[in-house]
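S.K.: Add chain B to chain A, keeping to what the hints say.
Protein chains in written order, with my numbering: chain A, 1 to 87; chain B, 1001 to 1725.
Bear in mind the hints are in silico, worked out from the structure with no lab data behind them. Don't take each hint at face value.
Examples of chain B residues toward chain A, derived with CB under 10 angstroms [said to hold, decoys possible]:
| id | residue |
| --- | --- |
| 1 | L1174 |
| 2 | A1199 |
| 3 | L1450 |
| 4 | E1456 |
| 5 | R1460 |
| 6 | F1461 |
| 7 | Q1505 |
| 8 | K1506 |
| 9 | Q1510 |
| 10 | R1513 |
| 11 | F1514 |
| 12 | A1515 |
| 13 | P1517 |
| 14 | A1518 |
| 15 | E1519 |
| 16 | P1521 |
Cβ coordinates follow ideal geometry from the N, Cα and C atoms, glycine included.
These are the residues of each chain, in order.
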Amino acid sequence: MDQSELKSKIKRALLEELDLRGRTEADIDDAAPLFGDGLGLDSLDALQLAMAIEERFGVTMPEGEASRAIFASVNAIAAHITREKAG
Amino acid sequence: MAGRERIAVTGLGLVCSLGLAREQSFARLCAGERGIGPLRLFESRGLKSHIAAEVSGLDVAEIGARGEDWSRSDAMAFLAAREALSHAGHVQGAELSFALGGTTGGMYETERALQQLAASGIMPHDARRLLDFPLAVSLERVSRALGSVTQSATVCSACSSGAVAIALGASWLLSGRAARVVAGGVDSLCQLTFAGFNALGAVDPEPCRPFDVGRAGLTLGEGAACLVLELESSARARGAPIIAFLTGWAVASEAHHVTHPEPSGERAAAVLGAALRVAALEPRDVGYVNAHGTGTIQNDAMEARALQRVFGSDLAGLWVSSAKAQLGHTLGAAGAIEAAITALSVSRGYVPPMVGLVQPESSELRFVRSPNQRADLRAALSSSFGFGGACAVLAFEAPSAEARTLSRTVFSPVVISGAASLGSRGLLGGRDGSSYLVPSEPSAPPPEPLDLLDQERSRRFGRASALVVACSEHALRDAALEPAGTGFVGGSAFGDVQRSVRFLQKVLGQGPRFASPAEFPQLVASTGSGNASIYLGLTGPCLSVSEFGTSGESAVSVAIALIELGLATAVVAGSGEARDAIVDAVLGGVVGAPRSEGAGFVVLEALSAARSRGRVPLARVTEHRALRGDPGPTLSALSGPPERACVISGFLPAAVAGALARSAWRDVRTHVIPALLGFHEAIGAVALSIAVSEVASGHAQQVLVVTGDVDTFYLTRLEAYEEHA
Chain A
1 MDQSELKSKI KRALLEELDL RGRTEADIDD AAPLFGDGLG LDSLDALQLA MAIEERFGVT
61 MPEGEASRAI FASVNAIAAH ITREKAG
Chain B
1001 MAGRERIAVT GLGLVCSLGL AREQSFARLC AGERGIGPLR LFESRGLKSH IAAEVSGLDV
1061 AEIGARGEDW SRSDAMAFLA AREALSHAGH VQGAELSFAL GGTTGGMYET ERALQQLAAS
1121 GIMPHDARRL LDFPLAVSLE RVSRALGSVT QSATVCSACS SGAVAIALGA SWLLSGRAAR
1181 VVAGGVDSLC QLTFAGFNAL GAVDPEPCRP FDVGRAGLTL GEGAACLVLE LESSARARGA
1241 PIIAFLTGWA VASEAHHVTH PEPSGERAAA VLGAALRVAA LEPRDVGYVN AHGTGTIQND
1301 AMEARALQRV FGSDLAGLWV SSAKAQLGHT LGAAGAIEAA ITALSVSRGY VPPMVGLVQP
1361 ESSELRFVRS PNQRADLRAA LSSSFGFGGA CAVLAFEAPS AEARTLSRTV FSPVVISGAA
1421 SLGSRGLLGG RDGSSYLVPS EPSAPPPEPL DLLDQERSRR FGRASALVVA CSEHALRDAA
1481 LEPAGTGFVG GSAFGDVQRS VRFLQKVLGQ GPRFASPAEF PQLVASTGSG NASIYLGLTG
1541 PCLSVSEFGT SGESAVSVAI ALIELGLATA VVAGSGEARD AIVDAVLGGV VGAPRSEGAG
1601 FVVLEALSAA RSRGRVPLAR VTEHRALRGD PGPTLSALSG PPERACVISG FLPAAVAGAL
1661 ARSAWRDVRT HVIPALLGFH EAIGAVALSI AVSEVASGHA QQVLVVTGDV DTFYLTRLEA
1721 YEEHA
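Excised from the complex, chain A in its bound form (with noise of 0.2 angstroms):
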């Protein structure tokens, strides 16, 4: 998978996940920060986005503090997928 299909599929498990209704593919930017300011999103989101990352693309999520850098963007989670399904 190259990584613009990658980022697409990020974006839409976000969209879908995260009940972010109103919102499209476009609306996302794959450096800005997702959480804070960014999309309004809170550590419940969190939570459910590392499930669903988990589930959707087979890579494991670390937790606590570890997981904060990977979910810096849509960037830092694309990398993070990469590293995993190299290792």
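M.R.: Using the frame of chain A, we list chain B on its own:
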């Protein structure tokens, strides 16, 4: 002004992981034993935690009524109620009111049915077993087994449910609606909550350590407790020993977040302070707090701050402990179990230890560190802080506590200052003396409930929550009421069954690690009220009730009780139900009207409060009854209708229709709302909302709203509001 009478606790029943009976449980609790062990009820593979505080030795088949398939919750609630009533010297046959709090009812049994059905596909015939989980089922079965229950209600406010049920009992006694109440809470372990709390990362793999700096989450448990409550004069007249007095209560909502407590502890402190004020107690009078203390990072930090805010320098003389290190978090039962422990502590002069504490979160709090700690207590508090910010605090005093003047609840007539309904014809509301319909063009389609709401703030709502919040927002707005201090009671018969089944099928099929954390808080019975509280900013008591086809009517009854107890001056009450394929398949042909969906909400307000904000009410509630048993005597005692009057009914069982036909209202025109809008479990609330428009628009001087279900019936008489000189 004469003070109000004290409420006596004359009986206690307790079922928990330390024992099936009160004395054994309390002795082992005070001795510091832990009732936590390996989870046996179901598979925990793939989860972070494999331990729980299970109730062992519960022979459900033996306890349950013959021919009925009882759940663990039914059995535990019945044992607790029976023990409490026997403790109180209650003679079977004497009139009794029953208030039961809880969150998941018979979900454990529903999950087992689902597991069996999952392989073969769900057929409507089998699906009936999937609808046996609501707490109303437990209420019905236990009421029948106890006998002579003439009034009953369920309440769900997440983890404060049991405490709120006890407050409801206090209201019934003080308003004269009941002479003796058995009130409490129950919850059994189930995979929904076990997988759900795991998904939220809120469980400790080791037995929980409330208030310890190393705490890592909660341990789930199960159990039940009931208290028998009556007025002091009643207990003294029949010579019943008084175990303790229930003198204070407070119920409120943080309106903050679905799973996180408000971190500063300011809201929780306000609720603790309010309970002290109701009881006319100073912080220094209180010798013990049975804390909520779940063992989660957030709750315990918040709670320690709240106690510091309220007790300040008096903390040195205040014992603190949480029973959850020994009994686990029993969710909807916890508020009742901990109330029972607190009442026993003031009665016996022993406080249970804070087990598992190595390094306390706060050095200012005086935790009970030794087993069998003696403590002569004048008063003690039991506090509960649930999901969605549902706070409840109860104050108990020793039987020897001196009687003093307690502020009297001033009963003000209840009026309706807003009403809205939402259904297949659209949204009907009333503002400034006239009613409005959205869409205004009759041929246009009705609005989608989610389109009426802010997209971002409603993004986690299911369809039922959207109906509930959109409809109640209009009722609140039409009443021009500030949300701060306003309460909410929402009826919910089954909740979002399809969504719950999807969640469970994923847990059962793919494994519990794929339980959805964001989905879980949307699946408990108090979801609708939690969402409404947070979305609308309501900080009064916010809870749900479940009573099958009369859930909306039960919500109105409970709301009136909250106002009568002084817990709020205004409460938004009603119900909303969305179409659900499983519910449709099972109940499709039962009522004789096609199934539909919708919501109805009214704003109930103390007349004095409406007057003081210069608001002219839409209608006055001149009579309201929620009773079990034969409707004949109540309906035949009704005074006759005025010239312009009508009857509006929701679901009307034959027995109630027959009694109405023999009453003074027999010749009055009757509008059967399910015949117009189809049937759903919130239709009674829609009927009430329509009745308000009838009265407010001047079409009728009086409207009698009559509805019922198998064993219950509800009667509300509305009258046009006229300002008397």
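S.K.: A separate judgement is required for each hint: does it hold in the structure or not?
M.R.: The hints, checked one at a time:
1. L1174: violated (39 angstroms)
2. A1199: holds (7 angstroms)
3. L1450: This hint holds: L1450(B) lies near chain A, its Cβ roughly 7 angstroms from the closest one there, short of 10 angstroms.
4. E1456: holds (6 angstroms)
5. R1460: Holds. Min distance 6 angstroms.
6. F1461: This hint holds: F1461(B) lies near chain A, its Cβ roughly 8 angstroms from the closest one there, short of 10 angstroms.
7. Q1505: violated (14 angstroms)
8. K1506: The hint holds - K1506(B) has a Cβ within 10 angstroms of chain A, the shortest such distance being about 9 angstroms.
9. Q1510: Since chain A brings a Cβ to about 8 angstroms from Q1510(B), closer than 10 angstroms, the hint holds.
10. R1513: Holds, because the Cβ-Cβ distance from R1513(B) to chain A comes to roughly 7 angstroms (cut-off 10 angstroms).
11. F1514: holds (5 angstroms)
12. A1515: holds (8 angstroms)
13. P1517: With a closest approach of 4 angstroms, the P1517(B) hint holds.
14. A1518: holds (4 angstroms)
15. E1519: holds (8 angstroms)
16. P1521: holds (8 angstroms)
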